[in-house]
Amino acid sequence: MSSLITDLTVPPAVRADRLARANASGANTRGGEAGSRRVFVLPYPLTVVFTIGGFLIAELVSVFFPQIAPVTFTEGELWIFLLTGQEAYRGLLVILAIAYALAGIVDLRSAQKRAYYRSRAPFRFAMGIALALWDIAGTKLQTLPQPFFPGPAKVLEAFVTDGGYIVLNTLYSTRLFIAGFIVGVVLGVVTGVLIGWFDKAYYWVFPVLKITGVIPSVAWMPFALTLMPTPFAAAVFLLVIASWFPVAFLTAQGIKSTPKMLVEAARTLGASTPYILFHVAIPNATPSIFTGIGMANSLSFLTLVISEMMGQPGGLGYYIDQAKAWSSYYKILAAIVVMAILFSLIMKIIEVVRGRVLRWQKGLVR
Amino acid sequence: MSAIELEHTAGNSDRTPADAPHGVNPELSIEHVSREFTAPDGSIVHALSDVSLSIFPGELVSIIGPSGCGKTTLLRLIAGLDKPQDGTLSLAGEPIEGPNPKRGYVFQQGSLFPWLTVEENIAFGLKAQGIYRERKADVARYIDMVGLRGFEQAYPHQISGGMAQRVAIARALIDHPDVLLLDEPMGALDSFTRADLQDRLLDIWEQYHMTMILVTHDVDEAIYLGSRVVIMTPRPGRIKEIVPIALDARDRVSDEFAAYRKQLLKKLHFDAHEVHAGNSAAVAASVQEPATVSGWDTAKKED
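Read top to bottom, the protein sequences are chains A and B. full-length UniProt numbering puts the last residue of the first sequence at 366; the count rises by one with no breaks. full-length UniProt numbering puts the last residue of the second sequence at 303; the count rises by one with no breaks.
In short, the hints are calculated from the structure, not lab data. Bear in mind the structure is a predicted one, so any value in this text is a computation, not a measurement. It is possible that some hints are incorrect.
Per the computed footprint, the stretches of chain A lying under chain B, defined by three or more beta-carbons under 8 Å from a beta-carbon of chain B, are [claimed, not checked]:
#	segment
1	164 to 175
2	277 to 283
Calculated Cβ distances over 12 Å to all of chain B for the following chain A residues [to be verified]:
#	residue
3	Ala111
4	Pro122
5	Val183
6	Met221
7	Met261
8	Pro313
Pairs of lysine to aspartate or glutamate, EDC-like flavour, derived with a Cα cap of 16 Å [said to hold, decoys possible]:
#	chain 1	residue 1	chain 2	residue 2
9	B	Lys102	B	Glu27
10	B	Lys102	A	Glu264
11	B	Lys83	A	Glu264
12	B	Lys102	B	Glu36
13	B	Lys136	B	Glu152
14	B	Lys83	B	Glu36
No residue lacks a Cβ here, since even glycine has one placed at the ideal position from N, Cα and C.
Produce the entire structure from the sequences given, and follow the hints as far as they go.
Structure (structure tokens):
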């Protein structure tokens with residue numbers, strides 16, 4: 001029991017770091033005695049150099065690799081700076097290198113942080129190398145088909161020349177997403193609890209949910225656009241449908257799967273039926289609810305972009321649609337980059353909330 | 001109805017008498033209780049048939065018998081988790097209508113709420129009844145009683161099976177039950193943990209003079225803990241015999257203990273043998289009470 005608890009208090013990353021250091025020091029002092037396991041561990045300062053090395057190589061490629069293909073960069077205004085995509089790209093690489101170096105210094109504090117930083121080093125190095133290769137293939141030699149796959153510098157140029165407009169559309173998308181997704185999830189949890197708990201609701205509502213739920217919500221778009229007062233309201237409506245179904249379905253399933261024994265235990269402890277609903281059935285359903293929210297999340301991204309491409313006055317989907325008309329593929333890539341960041345951020349927020357709510361599951365499931 | 005009164009009547013050390021002492025009203029009366037279940041194929045399964053039993057205040061009664069003899073069904077009826085078709089059950093003269101914290105129930109295993117810590121699990125009953133604020137201090141006391149200090153913030157999956165059962169016992173005891181019902185609480189534990197938990201249970205029983213009913217399939221456990229051992233038989237489930245236990249000391253290796261063990265095993269052997277045939281072919285029928293019923297349900301069909 002005690003070992004179990006100590007194990008719990010020591011995260012695996014720390015143990016890994018301790019083991020690595022123990023092995024490294026053993027190799028140094030004993031100088032490869034017979035039987036000692038020799039594991040080469042890069043000293044920490046060199047790990048930091050290795051981490052930022054990829055970005056530095058990308059920087060060198062950008063500056064010194066000969067520009068073979070004819071590429072023209074236009075200047076744009078970024079905040080108070082007037083610069084081209086090329087300059088923005090070089091600046092970004094320097095910023096990334098400095099940021100990771102600083103992170104390396106900050107992570108020096110604890111063994112756990114050091115172990116984490118160490119574990120991320122190869123991937124971060126690879127990111128820099130990937131940028132360098134992309135730069136060569138997309139900008140320097142342009143071996144990638146143009147104008148569909150411009151280099152990283154050209155993509156960044158979309159931000160310097162068109163940044164304000166991208167921000168505006170990003171805000172539009174965020175607002176639309178938050179409104180539709182939150183309403184959908186709340187409605188989904190409420191219907192799911194009702195269906196899962198009350199047999200009457202299950203009988204009447206569940207079949208309807210099962211049939212309407214499988215219809216991709218964008219199929220309702222013509223109706224939504226005609227019947228809703230504004231295009232924004234129409235898109236919110238579609239997002240609500242998209243997130244409502246998976247959340248309702250999985251919430252109902254979670255409530256239904258409440259073990260009989262837990263309900264009986266609660267009853268013998270003096271719990272009333274409403275108390276059992278809120279303190280046994282709903283907590284039991286939370287892992288399932290979060291699975292539903294995860295599904296709703298990805299369906300919502302899809303619905304968001306598609307509905308923006310068709311009949312919205314703004315948003316990243318709308319921005320892509322516009323850029324396509326002008327064959328500005330570097331702008332489409334820029335919008336895709338923003339989506340990747342925005343959607344990852346939203347997923348990260350949901351993941352953090354999930355981790356907090358389901359912290360009792362830690363160690364119970366993988 | 002104190003324990004002193006009982007001791008006087010019985011003239012026994014700390015054990016309550018085997019037979020109904022004169023002048024003492026039973027705390028729990030079970031009168032002509034029958035419970036049937038309908039199997040999926042429509043056949044009627046007699047889980048309990050005309051069972052009568054009186055349990056006196058401060059008694060620790062073990063109920064033993066092969067699977068399908070209805071011992072768990074009987075305990076569930078006492079808890080109010082199930083209702084009989086015939087007969088009455090009453091606690092201190094009050095008919096049993098439904099579950100009540102006055103009749104604490106300890107399940108076999110896995111009855112802790114996995115999303116609550118040890119402390120929160122124990123406090124569940126107090127919170128559910130809205131008396132947590134007044135009795136908040138009791139939670140720590142009951143954690144101490146079952147020896148779980150230092151594990152208050154652990155979640156059920158982080159503690160061992162024996163510890164989990166101690167939490168389940170504390171969780172039932174904090175509601176100050178008149179009767180503690182134990183449904184094979186040590187069934188899933190290894191023999192060392194089991195012995196430890198048995199002694200803890202005895203300590204609690206002696207300290208609080210509480211009435212306890214223990215369902216078990218372990219002969220040693222039934223003798224070691226029980227002041228009376230109720231032997232039940234299946235097809236249909238009914239009480240075969242009640243064996244009073246009067247050990248001078250609770251010693252698992254004494255000759256006295258061995259004698260009781262031999263006696264009980266003899267009484268159980270024939271029935272146990274019969275049930276085996278049914279068990280081997282047991283199908284997990286989705287009857288309301290599969291654990292209790294499936295074993296001899298199949299046996300019945302073979303008849």
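Exercise for review: Identify every previously stated hint that the structure contradicts and give their numbers, smallest first.
Suggested key: 1, 7 and 12
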